Amino acid sequence: MKRQHPVLTALLVLLFVALAAAPFIFPGTKSVATASRVCIFIVLAASYDILLGYTGIVSFAHTMFFAFGAYGVAIPLAAGWVGWDAVLVGTLGSAALAAAVSAAIALLSLRVQRLFFSMITMAVASFAQILATQLREITGGEDGLTFSLPAALQPGFRLLAEPIFGVRADGRLVGYYLTFFVALAMFWLMRRLVASPFGRVLQAIRENEFRAEALGYRTIVYRTTASAIAAAVAAVAGVLMALLLRYVGPSSTLSFDVMTDILLMVVIGGMGSLTGPALGAAVVVLAHYYLQPLMQAGHDALAGVPVLPNLVHPDRWLLWLGTLFVLIVYFFPAGIVGSLKRR
Amino acid sequence: MNRLAPYLLLPAVMLAVMPFMSHSSWLALTVAGLAMGMMLFLMASGLTLVFGLMDVLNFAHGGFITLGAYLAVSVLGPLTGWVSSESWALNLLALLAAVLAAAIASGVAGLAFEAILIRRVYGSHLQQILITVGGLIVAGELIVALWGPQPLPLAKPAILRGSFLLFGATIETYRMAAVAVGLVVYAGMHALLNRTRIGLVVRAGVENREMVEALGYRVRRLFVGVFVAGSALAGIGGAMWAEYQELITPSIGGEMTILVFIVVIIGGLGSVSGCFTGAMLVGLAANYVGFLAPKLALGSNIALMVAILLWRPRGLFPVGGK
Amino acid sequence: MPNALLTFEGVHTHIGPYHILHGVDFAVPEGEVTMLLGRNGAGKTTALRSLMGLWKPNQGRITFAGRDISKLPTPEIARLGIAYVPETMGIFAALTVRENLLLATGPAGFQQDRLDTVLALFPVLGQKFAQAAGGLSGGQKQMLAISRAIIEERRLLVVDEPTKGLAPAVILHLIEAFQKLKAARTTILLVEQNFEMARALGDTVAVMEDGRIVHRGDMAALAADTGLQERLLGLSLAAHQ
Ligand SMILES: Nc1ncnc2c1ncn2[C@@H]1O[C@H](COP(=O)(O)OP(=O)(O)OP(=O)(O)O)[C@@H](O)[C@H]1O
Ligand SMILES: [Mg+2]
Numbered sequence: 001m002k003r004q005h006p007v008l009t010a011l012l013v014l015l016f017v018a019l020a021a022a023p024f025i026f027p028g029t030k031s032v033a034t035a036s037r038v039c040i041f042i043v044l045a046a047s048y049d050i051l052l053g054y055t056g057i058v059s060f061a062h063t064m065f066f067a068f069g070a071y072g073v074a075i076p077l078a079a080g081w082v083g084w085d086a087v088l089v090g091t092l093g094s095a096a097l098a099a100a101v102s103a104a105i106a107l108l109s110l111r112v113q114r115l116f117f118s119m120i121t122m123a124v125a126s127f128a129q130i131l132a133t134q135l136r137e138i139t140g141g142e143d144g145l146t147f148s149l150p151a152a153l154q155p156g157f158r159l160l161a162e163p164i165f166g167v168r169a170d171g172r173l174v175g176y177y178l179t180f181f182v183a184l185a186m187f188w189l190m191r192r193l194v195a196s197p198f199g200r201v202l203q204a205i206r207e208n209e210f211r212a213e214a215l216g217y218r219t220i221v222y223r224t225t226a227s228a229i230a231a232a233v234a235a236v237a238g239v240l241m242a243l244l245l246r247y248v249g250p251s252s253t254l255s256f257d258v259m260t261d262i263l264l265m266v267v268i269g270g271m272g273s274l275t276g277p278a279l280g281a282a283v284v285v286l287a288h289y290y291l292q293p294l295m296q297a298g299h300d301a302l303a304g305v306p307v308l309p310n311l312v313h314p315d316r317w318l319l320w321l322g323t324l325f326v327l328i329v330y331f332f333p334a335g336i337v338g339s340l341k342r343r
Numbered sequence: 001m002n003r004l005a006p007y008l009l010l011p012a013v014m015l016a017v018m019p020f021m022s023h024s025s026w027l028a029l030t031v032a033g034l035a036m037g038m039m040l041f042l043m044a045s046g047l048t049l050v051f052g053l054m055d056v057l058n059f060a061h062g063g064f065i066t067l068g069a070y071l072a073v074s075v076l077g078p079l080t081g082w083v084s085s086e087s088w089a090l091n092l093l094a095l096l097a098a099v100l101a102a103a104i105a106s107g108v109a110g111l112a113f114e115a116i117l118i119r120r121v122y123g124s125h126l127q128q129i130l131i132t133v134g135g136l137i138v139a140g141e142l143i144v145a146l147w148g149p150q151p152l153p154l155a156k157p158a159i160l161r162g163s164f165l166l167f168g169a170t171i172e173t174y175r176m177a178a179v180a181v182g183l184v185v186y187a188g189m190h191a192l193l194n195r196t197r198i199g200l201v202v203r204a205g206v207e208n209r210e211m212v213e214a215l216g217y218r219v220r221r222l223f224v225g226v227f228v229a230g231s232a233l234a235g236i237g238g239a240m241w242a243e244y245q246e247l248i249t250p251s252i253g254g255e256m257t258i259l260v261f262i263v264v265i266i267g268g269l270g271s272v273s274g275c276f277t278g279a280m281l282v283g284l285a286a287n288y289v290g291f292l293a294p295k296l297a298l299g300s301n302i303a304l305m306v307a308i309l310l311w312r313p314r315g316l317f318p319v320g321g322k
Numbered sequence: 001m002p003n004a005l006l007t008f009e010g011v012h013t014h015i016g017p018y019h020i021l022h023g024v025d026f027a028v029p030e031g032e033v034t035m036l037l038g039r040n041g042a043g044k045t046t047a048l049r050s051l052m053g054l055w056k057p058n059q060g061r062i063t064f065a066g067r068d069i070s071k072l073p074t075p076e077i078a079r080l081g082i083a084y085v086p087e088t089m090g091i092f093a094a095l096t097v098r099e100n101l102l103l104a105t106g107p108a109g110f111q112q113d114r115l116d117t118v119l120a121l122f123p124v125l126g127q128k129f130a131q132a133a134g135g136l137s138g139g140q141k142q143m144l145a146i147s148r149a150i151i152e153e154r155r156l157l158v159v160d161e162p163t164k165g166l167a168p169a170v171i172l173h174l175i176e177a178f179q180k181l182k183a184a185r186t187t188i189l190l191v192e193q194n195f196e197m198a199r200a201l202g203d204t205v206a207v208m209e210d211g212r213i214v215h216r217g218d219m220a221a222l223a224a225d226t227g228l229q230e231r232l233l234g235l236s237l238a239a240h241q
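Top line first, the protein sequences correspond to chains B, A and S. Quick note: the first sequence, position 238, residue 238 per our numbering, numbers continuous. Quick note: the second sequence, position 276, residue 276 per our numbering, numbers continuous. Quick note: the third sequence, position 5, residue 5 per our numbering, numbers continuous.
Derived from the structure by calculation, the hints contain no laboratory data. Since the structure is predicted, the reported quantities are computational estimates derived from the model, not experimental observations. Where a beta carbon is used, it is the ideal one built from N, C-alpha and C, also for glycine. Mixed in with the good hints there might be a few duds.
Examples of chain S residues lying across from chain A (beta carbon under 8 Å, computed) [said to hold, decoys possible]:
id, residue
1, M52
2, L54
3, P75
4, Y84
5, F92
6, A94
7, L95
8, E99
9, L102
10, L103
11, A104
Go ahead and model the full structure; you've got the sequences and the hints to work with.
The following block contains the structure:
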């Protein structure tokens, strides 16, 4: 693997330390939930990067696989099968299903015409969203599913009687570290994957598909495998999200907004590096939390001026992130990571 | 036979469902399907030509549909008097004003969009997709900032409300009107493409842009024109769809984008005839399946797309070597 | 020596990361047929595409009628009066023969006398006038491509390997057609691998090798010197027959 820019390494270490010690550095339910979100989106964005950054495939169905994982654990838990076995079965089952569906889409659309792929994934994703709202008996429809967690993840659970460094060792803490370590493991696995011979072939395909084909690589096999792996990892991220929220619904897992977030993270961080999307995930999740109050302030300050307050209304934060997104695609196509590359 | 098959698909589908329903239902559903298809054709034709001519894939196309829909609301709001008037002349004037405003606004927006975003990403599909998706996000947010997030109602002109009887079938007047408008636009586009020099250059450009340039035609300029015209048509389609639905939400463009994509994929990216056939197929399938098996309706378009891609991997009417 | 209508002066062209033309110099005199010869991959097509602005030269000048055109966009270059027949012929398969020809005419459409001349040169095109060009045979497509280049008065005709992949009888027909154009004192820049055709038509010749011009002179002199042919083109006239 190429040497990283020292600033990048420093940022990554900082992110790791902050997340590893988050419950102790930033105590409080809300900030721990934010840290969990960062962990989850790091996994989700990095898995998307395997597609976008390493193979040049633009898929809009990634949230669907995220949703597979979320519904995969939510459905048994909500049906009253509350236990780690349910979580495990849900995780493995949904990851396998995600991999299979993703491979099927890839085989169909990569075979027909590369260009159709993005459009087809968009259609499939919207179909999944409709399906989730229509199959009310299974998915809870528009309202989604709420459910109880296994005992060890419930707020009332005590791992230790005494607080550690003033933080109670309750189910939330257990839940956070579960998220953290699963995310860490996933991220590590993905880095291993892209550094492996398989990952190098993916990069060769991205650089020059024609040449990779001429060298004898079956690009379709590599692309399909990459989409399947990315989908399975996204499903794991979905499981973590379901466990964090204790709720799963179409808008929190399947909507185009989630897809937009993922795209923002990968592009802002810099595609094709895994590190970039990890940093991008942190930036975008934090922006969610801190940009909105800032915009609220701006909104209040501009009260009375026509139209302008609407532009800085806290609900319009996507307007500004979207603008940032376009500017980055223009001027820094390699994102944060690319700007830090040693010339 | 194999070359004719795509042309026969449409009548074949219409005939195939006949035994499963009464004649009056069939007629009503067919008109409804064709009406929806015509509006889809308006929305999709620009996208397919823009791709054919410059190899540009515009994911923000739905933004022009949304803009057209909202413009219709804004124009018809103050014209309530005309819209609900007894006089059909005032009715039609209001409708014309709405459609014109939608066309102009979407066309101007298209011009700006081409100059600001599209022009810089020729040649790179990855950048095109990313930039146009970014543009779509921003455009959608701007529309919400200007018109608000709540659903907005709008009224059809009085003469286009209600329905009439035709061979025992109840036909909504507006659907008939939509079919008529769609046919007129299609005929106009067909004439423009097949009877004029500009149309000749567009058709040639879709097949081989370099050669057209080597013959001395400024394809870039032509492309801007096609982009603007395509955006304006999408705006008109959006306005007509809004009046058909009588209620619009900011997600209208996004929902239609999915259908529009299915239409151009089915038809073959770059082909106008394919776009027309694809639009009719999607419209008819939605209505027939919605009637015969309502539970399957939502999957019918995806199933249609998958089936056609398995049959013809590059769509019904593949264009050039792309 | 007549005035040069077209000149290449130290032209370098890159395609993506590859440096293909390394300083190409030659001139096309007005009213003559200039042959551009060379082995496969020598850079002939690249030179013509650079002339048409389809690949932009990175360095050097290409002048047409005294004007530097190396930075002009393709349509502007064509509008100076240059007709181009690419190696791939550039026929629009979905368009009819008539429409293919019509594309190359001015705003007024066909001039009857020119159309008659062209159809007299290639009568088969008249028979297939209303058919889709995609259905033509390879030779007929080449005839159409050449017809399209001469359907209007142009100052320069640029043709890339018109005989490639064609049957000997068709090649003879094309040679005849080009001889008529030559007799009308059309300025032509012709890329060829077929030495027979080159000898029959060429006034002057430039030979390319590895993106450079390695020989310039009279066609007749090259045609007479088998040793030189062997050295430059890797084959003598005798071996070719
Ligand atoms: N699109 C391309 N990308 C990269 N290299 C190219 C491309 N087209 C041509 N080349 C290379 O440029 C060099 C010159 O090619 P060119 O087609 O100009 O040769 P040519 O003299 O016309 O050959 P031929 O007689 O085979 O037509 C060759 O080495 C070729 O491999
Ligand atoms: Mg060549």
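Structure versus earlier hints - violations, ascending order: none
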